[in-house]
Every structure is written in C-alpha cells, then in structure tokens.
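Enquirer: For reference, the chains in residue letters:
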Amino acid sequence: MASTLSKYRYVAAIGLQNTFVYRWNFLLRVLFGCIPLMGTFYLWRAIFRDPSARVGGYVFEGMISYFLGLILLDSLTSPTEDDFQIAAEIRGGLINQFLLKPVDYLAYRFSLFWSYRFIYTTTTILPVFAILFVMNHYLIWPVSFTVWIWAMLATLLSATLQFLMAYCSALMAFWVLDVSAPIFIIFSIEHLVGGHMFPLDLFPSALYQWIMLTPFPYEYWFPLSVFLERVPQDQLASGFVMQIFWCLFFWGLARWIWSRGIRHYTAVGG
Amino acid sequence: MFRYLKLALALFRYSLMREMMFKINFLLWIVVDLAWFAVQLALIEVVYAHVPEVAGWRKYEMILLIGTSQLVQQTFQFLFMVNCIELPENVRTGNLDFILLQPANSQFLVSIRKFDLGALINGTVALGIIVYAGWKLNLHPGMAQLALFAGLVFNGASIHYALMLAIVTLSFWIVRAQGLVYGYYNLFQIARIPREAFRGGVKIFFTFGLPMLVVANYPAAVLARGLWGWNAVWVFGLAGILLALTSLWFRFGLRFYTSASS
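Top to bottom, those sequences are chains A and B. Position one of the first sequence corresponds to residue 83 (my numbering), numbered consecutively onward. Position one of the second sequence corresponds to residue 253 (my numbering), numbered consecutively onward.
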C-alpha cells in the first residue's frame, strides 16, 4: 500500500516540475482568467441598477459573493488541460508504457490532476485573496464553522467529479481522432447548467428541478450553494448523496470505457 | 494587390478541400460555436425574466448586441483566428520557417493561411438573430445605416485581429504561449456587455487600451440606438492605428525568431 502511494507521489512531483517548465504560459493564463470576473461584476452591477433591488431572491452582494466563490472553486477544482493531455497520450501512443507497467492510468492521471491543482491554487491564491480583499465589502461569508466543513467536503467531491467527467470525455480519443469539439460542447453544457454563468435557481423552478437530476450542478452550483448557505438543512444530505453517486458513476464509467477502449486501441509510436 | 487577392482565393480553395476531408469534425465545430452562442442567449433570457433593462438596453436590444458580437467574432474567426492560434505552435516547432521562405508578405501568410469555413455558417446564424431582434424592435434601417453597420462589423473584426496578433507575437519570446490564446477568449466576453455598464478607468481602458467595448457596441448602437456621424466613424481610425502598430510589433518580433528545427 505504502509503495503504491509513493509511486503516485512521484507522479505528482513530476507534474509539479512540468508545470514550472512553462511558467509564463501558466501565469498568463491565470492573469487572463481575471478578465471575465471584471465583466461579470460590471454586468451584474448594471442588472442590479438599484443597490437594494433583488433579482431571483439575490441581493447584489449575494450575487457577487457567488461569482467570487466561483473563482475560488475554479482555482481549487477545475481541470485545465487534463482532458486534452489524456486524449493526446492515447492518440500519440504514449499510454503504451502504462499497459506494460504496474501503473494504473486513472490513478496516474488523478495524481497529476492534484499536483496541477496544487500549483494552480498556490499560484492563484495571492491574486484570488487580493480580489477577495478588495471586494470584501461585497462578500457574505458563512458564519457557522460546520458550513465551512461541509463546503470543503463538497469542494473535494466537486474536484473529483470534475476530474472523472473530464477523464471520461478524454477517453473518446480511443474512437475519435480529435476530441476537442465534443469536449467543448460538454463544456458549454457544464457552463450553463453547472452554475458557471449564473446561479441555477434563477432558472424557472420546473427546469431547475430537472437540472438537479443531472451531474452538472454538483460540479459548481452545489458546493457554492453550501458555502453561501443557500441549501436548506434537509436537502444537504441528499445533495451529498447525489454528488457521491455521480462520482461513483463516472468512476465506473471511466473503468468501463477504458476496458472497451483498450480492446479497440492500436498502439502507435515507439 | 491583385496578386494577394488571387493568393487568398487559392488559400480559400485549399481550406475548403481540407475542411471537406474531415466533414464530421467540421460540423462538430459549428455545433461548438452554436452551443456557446446559445449559452449567451440563455443568459439574456434568464436575466430579462427578472429585470426590464440592463444599463439602459432592453431585451431585444441586448439580443441584437449579443448577435452583433457573435457576427464580429465569426468574421474574425473566418479570416484570422485559426492562423493566429497556430502562430505560437509554429514558432515553437520551427514550422514558421516554411512560411517565411514563401515569396509573399510574411504577415499576410501568417494571418490568412487558413480560412475557418464553419464561421461562415455561424456568422449567418448570428445575422439571423440580428434580423430577428431588429424585427422585434421594429427597426427600419436605411442603406447608409446598414453600410455603416457592415463597415463597423469588419472594423471590429480588424480590432480583434490586431489585438490577437499583437498578443501571439509574444510567442517569439515565450516558448509555449497557448495561455495567451486561451486568454483572448476571455476578452470576447467583455465585448458582449453594454458599454454603459462600465464606468471610470475600466471603461476608458476597454475603449482605448483593449477596445473590446468598441467592437460590437458601436455597430449594434448604429442599428438599435441610431448612433451616427463622427460618434461612430472615429472607431475606424482607432482600428487603423491598432493595425499599424501591430504590423510594426510583428515585424519587430520576427527579428527575434530563431528556427527551432535542426
């Protein structure tokens, strides 16, 4: 067990080094990532023309808290290039080495995902906290300590779910030459019904109920709602059950697609 | 001039043949852009279910703005975007050598080597949305107004081109500059927001520094809000200055290009 863990610890360490090789690329990506926040802030300020107005039960501060929380969640949990890297490794024949070694590819990629998340979070933590500090008067922080614990758990599950969904999408590379287009289509759906564009409870109620049955709200909307204390106590447990269910579902799906894909796979490259 | 037109036509034919080799992929990328466009329209639908106007723009004026932003973006994508995206990779791998050795202007070849034909279809959809919004707003634009709108759409695409080429030119110094390319996608989001929503230094910055608030707001305002005369025409000058500066910057960057091939 210890030797298995140490194996994937080394993978994570290599992931850290790889990220630093292209540090300028990485930093620019982080910097440009702040632009949509600015757009979002001004757009919602215009929507809340009257500062005391309410839009779908939100006050302006509540809405800005949602988007600031989203930035923090994104930096902690969202896979950035993992899906494209996995697809490239399948297409380029680089997975050959994993078929011959006692390394589980899913665990290998999961280790790399966490190392990249670690670097991303460490690098962005200063700008993110600077933004949170500047916009502090718009923020509504949770008061209760237990809310923080639940929010952290939901965040951890959100990261796992996002990784597994990205992993499953990338495995399409066993059958499709270029997976970018399907990935971007899934990404657009995630954006809309995952709560990346706006809080999902702004949707009409019936549509909202349907959306909550899909995996997408458990990527962004659910952890953010927990953090902003918008989930009623009696719905907290069912939310976590759904989040765990979707994690297990995509883990099983990943195993199943991999086993089917390997049978279809033609090893190319040396 | 005529020679370059012939060259562009030959490249267009080549792009068409290449796209038709991967038909499914071609169609899927059209769906990608349509999906993102639909996401933007869904945001408008949801927002206007709760408020009557945003920064003085009513619902169908806003849809007209989003449609115009999409039209400008698709015009830019049709002509330039793929080529700009490929520049950092061509610099990194040394493939730029093959372009530089051609007996034609390097910036021209770098900028319109490939046409994104899917953008033509998505641009047509955007145009349909603009016409629909115009019909809902009961607009009856004259020929001069339509000509100014079309000119400003191309002007917006030129601004996108100038800025993106300026950004990817940094790849002559930065080894892997894909982060820059992804970054530009974020700027498109600013272009879809009404200019009136911004204030102070940020508004000035996104009007004159990174003029995202010019590319779609001005043509949309010509149709929806009767913008006319010097108030609209000055942005052609802004695009001209940006294009000239970018050209100088690109040529300067090219001097630092060291082929990566062996």
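Just so you know, these hints were derived from the structure itself, not from any lab. Bear in mind the structure is a predicted one, so any value in this text is a computation, not a measurement. The reader is advised that the hints may include incorrect statements.
Claimed, not checked - Here are some, though not all, of the chain B residues that point toward chain A, as calculated from beta-carbon distances under 7 Å:
#: 1; residue: N277
#: 2; residue: V284
#: 3; residue: A287
#: 4; residue: V298
To be verified - Computed far set for chain B versus chain A, every beta-carbon distance over 10 Å:
#: 5; residue: R265
#: 6; residue: A301
#: 7; residue: A449
C-beta atoms are modelled at their ideal positions from N, C-alpha and C, and glycine is treated no differently.
Enquirer: Now tell me, hint by hint, if it's right for this structure.
Expert: Each hint, compared with the structure:
1. Annotation: interface hint on N277 of chain B holds; nearest CB of chain A at approximately 6 Å, less than 7 Å.
2. Interface restraint check for V284 of chain B: the shortest CB-CB distance to chain A comes to about 4 Å, inside 7 Å, so the restraint holds.
3. With a least beta-carbon distance of about 4 Å to chain A, the hint placing A287 of chain B at the interface is held under the 7 Å criterion.
4. For the restraint placing V298 of chain B at the interface with chain A, the shortest Cβ-Cβ distance is roughly 5 Å, inside the 7 Å limit, so the hint holds.
5. For R265 of chain B, the requirement that its beta carbon stay farther than 10 Å from each beta carbon of chain A is met, with the minimum near 23 Å.
6. For A301 of chain B, the condition that its CB be more than 10 Å from all CB atoms of chain A is violated, with the nearest at approximately 8 Å.
7. A beta-carbon of chain A comes within 10 Å of the beta-carbon of A449 of chain B; the shortest separation is about 4 Å.
When each numbered hint is compared with the structure, violations occur for hints 6 and 7.
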